[in-house]
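**Q** Let the sequences and hints guide you as you build the complete structure.
These are the residues of each chain, in order.
2 protein chains.
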Amino acid sequence: MRFELTKEYLDALRSAIAQQDVAWMKEHVFELHHADIGGIVDELEKEEAGYVYGLLDEETQGDLLMELDEDLREYLISTFSTKEIAEQIEQMDSDDAADLISELPEEKVEEIISYMTDNDAAEDIVDLLNYDPDTAGGLMQKEYIQAQIDWPVNRCVVELRKQAEDVEKIFTIYVVDDENKLVGFLSLKSLLFANPTTKISTLYRSKNMISVKTSDDSESVAKTMEKYDLVSVPVVNLQNKLVGRITIDDVVDVIMDEADKDFQMASGISENIESSDTVWRISRARMPWLLIGLLGGVFGAQVISGFEGGISEVPALAFFIPLITAMGGNVGVQSSAIVVQSLARGTDQFGSIFKKIGKEAVVAVINGLALSAVIYGIALIFDSSTLGLVVSLSLFTVIMFAAVFGTLIPLILDKYKIDPALATGPFITTLNDVLGLFIYLTIGMIMYGI
Amino acid sequence: MRFELTKEYLDALRSAIAQQDVAWMKEHVFELHHADIGGIVDELEKEEAGYVYGLLDEETQGDLLMELDEDLREYLISTFSTKEIAEQIEQMDSDDAADLISELPEEKVEEIISYMTDNDAAEDIVDLLNYDPDTAGGLMQKEYIQAQIDWPVNRCVVELRKQAEDVEKIFTIYVVDDENKLVGFLSLKSLLFANPTTKISTLYRSKNMISVKTSDDSESVAKTMEKYDLVSVPVVNLQNKLVGRITIDDVVDVIMDEADKDFQMASGISENIESSDTVWRISRARMPWLLIGLLGGVFGAQVISGFEGGISEVPALAFFIPLITAMGGNVGVQSSAIVVQSLARGTDQFGSIFKKIGKEAVVAVINGLALSAVIYGIALIFDSSTLGLVVSLSLFTVIMFAAVFGTLIPLILDKYKIDPALATGPFITTLNDVLGLFIYLTIGMIMYGI
Chain A
1 MRFELTKEYL DALRSAIAQQ DVAWMKEHVF ELHHADIGGI VDELEKEEAG
51 YVYGLLDEET QGDLLMELDE DLREYLISTF STKEIAEQIE QMDSDDAADL
101 ISELPEEKVE EIISYMTDND AAEDIVDLLN YDPDTAGGLM QKEYIQAQID
151 WPVNRCVVEL RKQAEDVEKI FTIYVVDDEN KLVGFLSLKS LLFANPTTKI
201 STLYRSKNMI SVKTSDDSES VAKTMEKYDL VSVPVVNLQN KLVGRITIDD
251 VVDVIMDEAD KDFQMASGIS ENIESSDTVW RISRARMPWL LIGLLGGVFG
301 AQVISGFEGG ISEVPALAFF IPLITAMGGN VGVQSSAIVV QSLARGTDQF
351 GSIFKKIGKE AVVAVINGLA LSAVIYGIAL IFDSSTLGLV VSLSLFTVIM
401 FAAVFGTLIP LILDKYKIDP ALATGPFITT LNDVLGLFIY LTIGMIMYGI
Chain B
1 MRFELTKEYL DALRSAIAQQ DVAWMKEHVF ELHHADIGGI VDELEKEEAG
51 YVYGLLDEET QGDLLMELDE DLREYLISTF STKEIAEQIE QMDSDDAADL
101 ISELPEEKVE EIISYMTDND AAEDIVDLLN YDPDTAGGLM QKEYIQAQID
151 WPVNRCVVEL RKQAEDVEKI FTIYVVDDEN KLVGFLSLKS LLFANPTTKI
201 STLYRSKNMI SVKTSDDSES VAKTMEKYDL VSVPVVNLQN KLVGRITIDD
251 VVDVIMDEAD KDFQMASGIS ENIESSDTVW RISRARMPWL LIGLLGGVFG
301 AQVISGFEGG ISEVPALAFF IPLITAMGGN VGVQSSAIVV QSLARGTDQF
351 GSIFKKIGKE AVVAVINGLA LSAVIYGIAL IFDSSTLGLV VSLSLFTVIM
401 FAAVFGTLIP LILDKYKIDP ALATGPFITT LNDVLGLFIY LTIGMIMYGI
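First to last, the sequence lines map onto chains A and B. 1 is the number of the first residue of the first sequence in this note's numbering; add one for each residue after it. 1 is the number of the first residue of the second sequence in this note's numbering; add one for each residue after it.
Simulated from the structure, these hints should not be mistaken for laboratory data. Remember, it's a predicted structure, so these values are computed and weren't measured experimentally. Hints may be right or wrong, so weigh each one.
It does not matter which identical chain is meant; a pair holds if it fits inside one copy or across any two.
With a Cα cut of at most 27 Å, we get these calculated DSS-like pairs of lysine-lysine [what the hints assert, rightly or not]:
#1 K7 / K227
#2 K46 / K83
#3 K359 / K7
#4 K7 / K207
**A** Here's what the structure looks like:
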């Protein structure tokens, strides 16, 4: 039932391509779901992929194009004539078509649009190109079904039949007034079971009608759809006129991209990259954080050099430098991760900052006491009881500071509308390194009486 | 149109509750979407929440219960009689009902089921309780619409009308044969526009019918629905008989939980916790990784103590210990994050391990050279050109090792079916700390000729 891509399959396909064995591909490739074909084509060399793509029917080509890797898509498009691109675009949903066009150079766009034979589709795309891609307007498609509130059911069915040609999946029928303002919705189910002469105005529901505005950002659209368990949401303009709809599959992509971005940012990667990107792009995306880490290390070196005399006298103090910095970093990252997540989820928004920090401090006291006790015992073995005291006292202090900073920094960033995911990862680690060193060496100097 | 929860609103509600002002609540609370009511109730004290909950109509109560915080839900249920719980459950979708029941003590379950008046619903729930909650069986609901392949459209509409009473959202009609085996699907749209005497067998589609098995794990269900852009997917048993369906809203929750889990694991938190959990639970979830970090620090101390003589002679060597360990950690986390993500997404599955490591190594050379050059200059200022050489040479070596280990370890974990998200975060950082120290101090000893 479901297709599984294997190495054997790919080898067989490759040799079929080499032999131009179209019959094999007809049986083993063309009958598959376009998502599977996309997965296959992405694994081929560009020339092979172009060959297979060219053999597909127009509808599948249209479904496929926006699902391919960007590099491959660029290559394929470079092999098409403007007229061919226009034909492909007419096969696509309006949101995908607009996304594709916005990737093309501007001078080509006008030419492509002029080649389109379906005037309505062309107009829809031109309209969609106006919106910022990270807003509801940029996510929405023009394929939706609407009914006028004063229609009877039988007229509605006739009108819908016309509209439904372009709309692959109908989830909800949006009900509008004579000014095209959104007033409510109607399920296909209620239409199916209704009397033909019943007026839509008695069937439709307006209570709890959820819609989004074209200018809402993608993340807030995703949150809305998730909160209200929606599979599609109507998009209205400032006058509350219905202009499009957003379906859940596009929003799932937004949610996953957002999660990826947070994960990467917490791992110290500043641009959204994939493992298939070029080494230059990957290197560049990592550099900013590494430079911050380097700077932190230099500050750390400065702190230690300030205590050079002490370390010459008690070299054992140097032993536990990595332990102190590592633990400060770990605790800081843990504390910030929880805050970052609850901010991203929008949960717990009314707890006060002081309550959160208080809670983190209690957790830090529990963990700090336990870990300090363990390390006191271990440090005794290494050197003297003085060293044990220095290390365990510093560790406890560092854990307390790290927990408080780890909680505070993402909250502050959020207050100033900076993505708090920045706070987890290298930034907090670096800050805690420098602070931890200072605490540790100061306590050391005092306890050793240097 | 959309409700926004503010502090002022909460204050007004609190005083309405104190004064038992039901009229205010009728106007300002009860008309809201149940998701909004859930958000409000979660912010109240338990007694307040229980009072508001008790005033809601049964349908809203049913919709709400599984969306509330677990603590609050437990409290509410403890205030209900067994009969009341049974009534609530009859208002819920079967998947939510089964989830609720599975949270209750076993001896209570039988009693609740016996109180249910709707026999079919009770049977559905008993059936759903058999499945592991992390599988398709555990996610699915019994509310779906099915049609027999040999029915004509008009019979189908009549039968569907009966079935549809229990099904809030119909996305697809599943078509089965006379043995209840899934053979294809039918859109409501095609039914709406079809001739009443047309047979379903000529209308339904079987090509690219995607289904999942009851035993498929939740993550694979999520991946399937995301890949094929599905809003609902039918669930079949081993005999390919239709037993349920899974809707996208439940899968969005799975996707978000999975992303949360990965993010927390990468941040060194071993259980899935929320900021509202108790301090004991939070402390416990963080302890394992902190202990690993501590152990790493102790190993690090051991490494440094092995070089004690050298550090007494050249105390400046100690200055750059935090820099070396921090950079090793940062590079390791960056490298592993990309691998972990591409593994989680299932992309790039056919690139060989060696190719991946090769690419990481090239990135590491680029970044390593750049950073080493910077640090050479800085270290010169601190001390001698020897120290500059030691630090820059070590930094380059550590970056290379960290990149290779960061790539390799998640791939190895994945090979042995261990969640590779474990590899990002403290584990890799700790390993690179110890390794980095050893490299740095060894190079130092050699260059200073100690």
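**Q** For each hint, tell me whether it holds in the structure or not.
**A** Now for the hints, and whether the structure bears them out:
{"no.": "1", "hint": "K7 / K227", "verdict": "between (41 Å within a copy, 20 Å between copies)"}
{"no.": "2", "hint": "K46 / K83", "verdict": "within (22 Å within a copy, 65 Å between copies)"}
{"no.": "3", "hint": "K359 / K7", "verdict": "between (52 Å within a copy, 22 Å between copies)"}
{"no.": "4", "hint": "K7 / K207", "verdict": "between (53 Å within a copy, 25 Å between copies)"}
Every hint from the earlier list agrees with this structure, and none is contradicted.
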